[in-house]
Amino acid sequence: MTLAIRELERRGALGREDVDAFLAAHAFPLVEGSSATFVWRGEAESVHLQHWVFGLPSAQPFTRLGETDLWYFIQELPPRSRVEYKLEIVPRGETRSRLVLDPLNPHLANDPFGANSVCHGATYQRPEWTLPDDEARRGALETLEVASEGLGRTVPVDVYLPARFRTRRRYPLLVAHDGGDYLRYSSLRTVLDNLIHRLEIPPMVVALTTSSDRLVEYADHPGHARFLAEELLPALEARYPLRREPAQRGLMGASFGGVASLAAASRYPGRFGRLLLQSGSFAFADIGAGRRGPVFDPVVRFVNRFREEPQRVAERVFVSCGIYESLIYENRSMVPILQRTGMEVRYVEAWDGHNWENWRDRLREGLSWLFPGPLWMVYE
Amino acid sequence: MAPVVLLGPQRFTRTLGEAVRAAGIEGRIGVVSAGWQEREREDDELRDHLQGRTVNLLLYARGEEAFGADPELFAAHRERQDLLRRLQELYRQRLAFAKEAARALLGKGGDPALLEPERRHALESLRDLDEHHRRRLRQIRRDFDERWQPLSRPAVARHVEALGRTLGSCEAVGIAGGHVAVLLNRLRLFGLDRTLRGMPIFAWSGGAMVATDRLVLFHDSPPQGAGNAEVLEEGLGLCQGIVPLPHARRRLHLADPLRVALLARRFAPAAVVALDDGGRITWENFALRDARGARQLTAEGALVDLAEERA
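Protein sequence lines, in the order shown, are assigned to chains C and Z. Each residue of the first sequence is one higher than the one before, starting from 507 at the first, in the numbering used here. Each residue of the second sequence is one higher than the one before, starting from 80 at the first, in the numbering used here.
Check the hints yourself; a few may be wrong.
Claimed, not checked - According to the in silico footprint, chain Z covers these stretches of chain C (three or more CB under 8 Å from chain Z):
hint : region
1    : 585-599
2    : 804-817
Claimed, not checked - Residues on chain Z that point at chain C, a partial pick, calculated with CB under 8 Å:
hint : residue
3    : 90
4    : 168
5    : 296
6    : 326
7    : 347
Derived by calculation from the structure, the hints in this document are not laboratory data. Note that the coordinates shown come from a computational prediction; the quantities given were computed from them, not determined experimentally. C-beta atoms are modelled at their ideal positions from N, C-alpha and C, and glycine is treated no differently.
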C-alpha cells in the first residue's frame, strides 16, 4: 500500500491548493494499515513528535514536504495501539520550542497535567462500556472525612454507592487510590454504573481516596497502610453495610497507586483479598540504588524486599501494563514473583502507555475477574 | 386450560398489564419476586402497574424464615446446592469441548456429503451431554426430596398452607425475573411447581425461563469465561418445548448465523426464542396459541417471527 503522503510527494511541485486539498481529504493523524502519518502545517525551524512510547526516541523529527509549509512524520503503529503525543514546534526565526496539541486531531486525553492528543491505531476503539449508557442506573457519590493518625491529617474520601443501594444488603468494598483522577480521567463512575447494570460486577461500594503527597504516601509508607487497614476500613464498615470476607475487599491503584496497594496489602496480609494493580511503579534494583531517582528509593527498597521474600498477601491479583511504558519491564518481571506466592494472578498487556485511558480500558477485565457479577444467573 | 404467558423484560416496555387484560383477568394476582432476593418486597411499581391488585407471595422471605426455623433442612439444602454447583462445573468442562467441536464443524466449509453426518453427530453429542446433565440434576433433586420431604416439614408446611390460602384468593400468578436459580429453588421449596399448574401464569424475563421445562443460561460475550450456553435446571414445565432467551438483543450475537444456528439446532425440536422488550408468547393447552414480538432462532442461523414460523 502506498501511503497518501507518498502519493502526494510523488506528484512533484506542490502548491498551497494541493496541500489544502490533501488536508481536507483526510483525518489526521492519517492511519493507513500499520502506519500513522502525523502532519503539521506552518512555518517552522523544526517540528518533532513528542510521544510517550517507551522504546522509541521520545522526539521524532518531521520532514518538510518539498517547498510547502506541510511537515510530516510517519510512524509504524500496531493496529490496536493508542498513543498520546504532542507536537514540539520551533517557530520560524526562533530557537525555543513549544509543545502544542495537534491542531488537526480532535481526539484528546486529559490527565492531571493537562491534555494530550491521541492517535488510535487501525482497530482501536474506545470500549462502549466506558461511555454513558441510558439504560444503566446511576450510582451516587458522597464525601466523608476520615481522621487519620497514620497520615497525621484528615483525609477526604469520596464514596461511590451503587444504584439501588440498600442498607439491608451487604456489599463488597473496593478502595481506589487516586480515586478523583480515576473519576475524572478514567470514567470510573460510568464504568461502575455500566458494569453493575450489566451484572458483570456485583453492586459494590467504592472508596475513592486522594493523597496530598502521593509520591511519599504511596511509596510503602507505613502510615498510609495503617490509614487504609486500621482507619479507613473500620470507618467504612461502621457507616456502610459491607461484606467482611477478604474476597469481598479490594485495593486498586495505578502507577504509584499500584505500589501503594501492594505495599499496604503486604503490611496487612489477608486483610484485602483482591488487588488491581495498573502499571505499578514496581521499580527495583538487582544491584546498586536503581535508575529512577530518589523519589523511587522507598519503592525500590519495598520491591527489592518483596522480590527477595515474596509473600501471599491477597487471594487474587490483577496486573495490567502498557507495552509502551518503561514500566513494562518491572511489571512483566513482577508477575512470576506474585504467582510464586500461590496467589491467583492474571496479567494483561495493552498497546498503550502510562495513562488514564489505558487504565480505564482495562477496568472491565480486571474488576469482573476480581469481583465477578451475577450476569450468568440474573435475568431481570 | 389456563394460559401461560411469557413476556420480555418489563423495565422499559411494560406489557404485563396489557397481557393480563387480554387474558380477561380481573381479580387478584399473586406475585413471585423471589428472584429479586433482598429486594423482593420492592414491588411498588409492579403493584401500581396492575392497579393495586397484586399480593406478593414473599417466597424469598418465606424461604429465609423456613431455613432459619429448620437448620437441618437448611444444612441439607446447602449441601445439595454445593453438589449441584460441582456437578455444573463438571458439565461445563465437558461442554466446552463438545460445543467447540460442534461449532468448528458447523463453520467448516467443504463437501457436504462428508461434513453433514459429522456435524449431526457432533450436535448429537452436545445434545446427549445436555440430556445427561438434566438426568443427573433430576436424580439429585429426587433423592433430596425423598430423603428430606421438605413439604412435610413443619417449617415449610406452614408456609405451604398459607400460600395455598393466598393463592386461593388469586385469579392468576405473575412471576418476575431476577436470579433464576434462587427463583426456581424457592418455587420448588414451597411446592409451587405443582400448585401453579392450571392457574393463569404471567412470567417475564427470568420468570419466563423458569416457567419452561428447561432452563438455559446464556451470554455470548461475558467479561470472563467462554460464554457457552448451558442447561442449569429443569424448569417448572408450565409450558414445554420452548427455550426463551430474554435480553437476547444485548446478550447474544444474533447477527452471527453460526452461533444462532448452533443454539437452534442444539435445543431442537424446542423453539429457541429471543424474548426482548415487548415480546409476548401465549401458551394454552400445551401448545402455542399466540406470539408477538418474539423471534425464533432457526437452524439456518436466521431469526424469524415466532408466530409466522409456527403458523
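* To do: Of all the hints given earlier, name the ones this structure violates by number, lowest first.
  => 1, 2, 4 and 7
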